[in-house]
Amino acid sequence: MLKAANLIPQKRLYVISGVVLLLMISLVLRFFYLQIYFHETYKKKAEVNRIRAIPLNAPRGLILDRNEEIIVDNYPTYVLNAIPGEMLAKRKNFQIISLCTGIDTVLLEANYKKYFRGKFLPVRLAKDLSFDQLSRIEEHKQDLTGINYVQFPERYFPGKINAAHLLGYVKEVDQAMLKDLNVKDKYLYGDLIGWRGLEKVYEDHLRGEKGVYFVEVDAHGREMGLSTDYLKENAIPGKDLQTTLLIPLQKMLEQILDGKRGVVLVSLPETGEMLSMVSKPDYPPDLFTGATTVKEWQEIISNPEKPLLNRMTHGLYPPGSTLKIITAMTLMEKGNINYSETIDCSGIYEIGDRQFRCWKETGHGKMNLEQAITQSCNIYFYHVVQRLSLDEWSEACKAFGFGNVTNIDLFSEAKGVVPNSSYMNKQYGRWGWSKGHLLNLSLGQGELVVTPLQMMQYVNLLAMQGVAPEVHIVKDLTKKNYIVKNYSQRTWNRIEKYLQNVITSAHGTGKRANTNIQGLKISGKTGTAQNPHGEPHAWFIGYGEKDNELVSIVVLIENGGHGGETAAPIARRVFDFLFSSKDNMKLAFSL
Amino acid sequence: MIQLFLQKFRESTMSILIISFLLTGIGLIALKSISTGHEGHFLQQSFFKQFIFLLPAIFAFLIVFFIPRHTIHRYIYGLYGVMIVLIIIPFLGSEIASTFRWIDVGLPIGFQPSELAKWIVVIALARYLSDHNLEMNYFSVSILPIIIVLVPAAIILTQPDLGTAIIILVPVLPMLYWVGARPFHLFLMVAPLVSILTAFHWMSFSIWAAIMLFIIYKAKPNLVFSISTFFGNVFLGLLSPVLWGILKVYQQKRILTLFNPEIDPLGAAYQIIQSKTAIGAGGWFGKGWGQGTQTHLKFLPVQESDFIISVIGEEFGFIAILILITLFTLLILRTLRLAYNVDDRFSSLVLLGLSTIFTAHVFVNFAMTVGMIPVKGLPLPFISYGGSFLLSSYVMVAFIMNLSIDPKDY
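These protein sequence lines map, in sequence, to chains H and Y.
Each residue of the first sequence is one higher than the one before, starting from 526 at the first, in the working numbering.
Each residue of the second sequence is one higher than the one before, starting from 12 at the first, in the working numbering.
Note that these hints are calculated values from the structure, not bench results.
Please note that the accuracy of each hint is not assured.
With beta-carbon atoms standing in for the labels, derived distance ranges [as the list claims (entries may be wrong)]:
#	chain 1	residue 1	chain 2	residue 2	range
1	H	Lys569	Y	Leu66	36 to 46 Å
2	Y	Leu161	H	Ile595	56 to 66 Å
3	Y	Phe59	H	Glu593	51 to 61 Å
DSS-like cross-link-like pairs, simulated, lysine-lysine; straight-line CA separation at most 25 Å [stated by the list, open to error]:
#	chain 1	residue 1	chain 2	residue 2
4	H	Lys1022	H	Lys1036
5	H	Lys704	Y	Lys19
6	Y	Lys60	H	Lys704
7	Y	Lys60	H	Lys638
8	Y	Lys43	H	Lys638
9	Y	Lys231	H	Lys639
10	H	Lys696	H	Lys735
For each residue, glycine too, the CB sits at the ideal point set by N, CA and C.
If we strip away everything but chain H, and leave its shape as in the complex, we get:
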């Protein structure tokens, strides 16, 4: 196919060669003009007055509570930098700095290695310098060539509340991290970046924009004053982040839970706003800022109480009897239950060769549905739950959000497990599981595990009768609703009445959550979740309403024993706090 002969008129070769020559000559002229004709000008510019760009660090936005009280603040510190190419005597410099600040030269040397980026770029030698240390360095400024300092706003926690799991923390961007960021150009080594919790989720909001100013520098690296060629660009601080948290309540609950392992969550069901989120044990929120010593770190990660675990979103617990509400509602909706029908609780129930016990060993006697919920009778539910299939029951649980994330604005959360028949088949084989498992599951035991945050969503759905906005920590009107469709108004009303009985009835398991506050209507349910590692976990979930203001609560105390005894009284403290005075109500509800 290569038959076309090359017959090109010579003129075309000359035209194209001519164009190439013209382009190249224009380049040569341009370079001659810059390098020879204007050489003196540029030489001066380059050697006498070098321009150094000095970054102005922007403070991150503050994190505020619902009443604009500050939770996370900034405080100004100073960072000491060295310009390698301008340092005349590195070792001597380091010795002087060490004398002035008390920082070991070995550490300075190590930082120098770690942050080195190039001959004429600042290397961070030390951070968090006090004003004292700085003024001593200033005294020796003559001897310290190529050393300068810039202000650097560091994260600061006023210490009103801990909430460490929630707030998250910031990290310094280092070389390895920069490789993985997909927004590389926004960050430099040593910049702060939100790494967990709210700091991470709202990174773009909280992060400020760096400014820069230019100083002229002589050949020895001494600053000669501001450059007139380039304008200073001010740093733009990050925007403040207003959360829905209520500091006084959070503070009180952190104190109550001190020394225990557990979670308390408080929210407003009508909006999904979280008022309080406590997970204990926790760690000081400033653990990751400044210099964390290896010893401190070792202590934290080897602690058997697991303080780093965010129990609100990643703690997986069997929900215990709190789940009887779903079982009851499903039965009511299907018409599988007669409200006057009674079942005799003797404290023990046998199915096949297995025995199931009620928590009250002597038995409750004759129970109808209402009494069975109020007194949390297991035997009653063992009987009636058999009218449901495992899949009907598990679908009902999933409808309330179990087995899925709540979409809260935190870094991540666990999904939990809601077993259905295919799950059980996989786990035990087609014939390996039986009715006994269903009995167990329906009481919130066994394979079923949930996070406390899912429980919060569940309580909110109960309080709002099936339509409640997703829970969140930063005010967000675009949060969509969770909707539970399958129940009629009659069922919702009836179950609310039962749940109020749990609190007010003399035999009610949740009576210790009750308060003396006039006009406050509380509904709730306790749970006592058996677990193989010791005492059962204590649950209380519920909500209270007064003057059209609705508050919901989830309390979980690990190995706390009976929910009615350990968890319910904490809920009472919350109701007391929020509804006892007009002032507190105003703090909580006027956002």
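Since chain H is already given, all that's left is putting chain Y on it; use the hints.
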């Protein structure tokens, strides 16, 4: 077989390869200078990596050099198809630096398929133009060649990589001219683009309108055609600021980023000033190897690739720049001469296209470092740091040496 190879090698134009090696050597010296300031590990220095990149580049050179020309001719369309797929693939992969130029090949280095596109498009175009005995006096004949370059250029433009897209587009003009297209037709292709660009500045637009009038008058097409060409272009020019105004701010930004990808906190203008200062401070002989303070300031983010001329200009001075430009000019003019001398039209067109690619790269890279044209991310052949481009450059050299030999039995 080896004998055949050596024979072919002896008959080829060695000066092309010698110039390439000289240029690579100069590049390595400049990279070594940049690397010395760093305390990083020797193996991670750009100097060392570039040295290693030379091995696959030379390997690729040897292979391409030995492929018989009829094989190249036969398979180029297939290769063109594969190339189109390859440049679409990165869109499905992960984002690197929020662009889509790289394919992750599971190696510690990424590969940039748009590098292949440059020469594949040229060879495919060469085959089309030489296979069809075209009557180049008709404008419509140029349509299909334009599509051949426009499709890959458009895909690469959205990556976004304006520099490479331009490199792919440019060869079509000289290649059409080479096989006999009327210069006026080439003018018609370029005119709308110039109209749009000049429309934002009334002075340049007026000058452009005058130039258009002159060219149309000289070319003497029929009256209706002249009038419609002229007013079509004026209308397009007048319309473009209006259309620009309709665009949302973020859309405008996106287009502006195309022309100026180096949006950094210090601004592109600042970068150009730094580069000019560095080059200007070099003088006749430069400050000496490793002594460039301006370039070591690292105000230039890509000084080892796109802005390496700043380093060379500062440290080795005008003489070195003159030597570089001379070497590049020799390489290009030699290739053009070969394109004129070679026997078949296909080879001639390939040589012409490849020399155009080299010219465009060299001119754009040199010109941007001294602020003659806006910043675009285009590296300098043989000199800039980067494995894909080094390999691509040596492949192009191999094609030039291979196809410039008179076909006997290779």
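We went through each hint and held it up to the structure:
Look at lysine 569 (chain H) against leucine 66 (chain Y): about 44 Å separates their beta carbons, and that is inside 36 to 46 Å. Between leucine 161 (chain Y) and isoleucine 595 (chain H), the C-beta spacing of about 58 Å keeps the proposed range 56 to 66 Å intact. At roughly 56 Å, the beta carbons of phenylalanine 59 (chain Y) and glutamate 593 (chain H) sit within the given window of 51 to 61 Å. With a CA separation close to 14 Å, the supplied pair lysine 1022 (chain H) and lysine 1036 (chain H) stays within the 25 Å bound.
With a C-alpha separation of about 46 Å, the suggested pair lysine 704 (chain H) and lysine 19 (chain Y) falls outside the 25 Å cut-off, and the hint is violated. For the given pair, lysine 60 (chain Y) sits about 18 Å from lysine 704 (chain H) by alpha-carbon distance, which is consistent with the 25 Å threshold. Between lysine 60 (chain Y) and lysine 638 (chain H) the CA atoms are separated by roughly 22 Å; this keeps the pair inside 25 Å, and the hint holds. With a C-alpha separation of about 20 Å, the suggested pairing of lysine 43 (chain Y) with lysine 638 (chain H) holds against the 25 Å cut-off.
A hinted pair counts as satisfied when its Cα atoms are at most 25 Å apart, and lysine 231 (chain Y) with lysine 639 (chain H) does not qualify at roughly 70 Å. For the proposed pair lysine 696 (chain H) and lysine 735 (chain H), the alpha carbon gap of about 17 Å is at most 25 Å, so the pair holds.
Violated hints, listed in ascending order, are 5, 9; each of the other numbered hints is respected by the structure.
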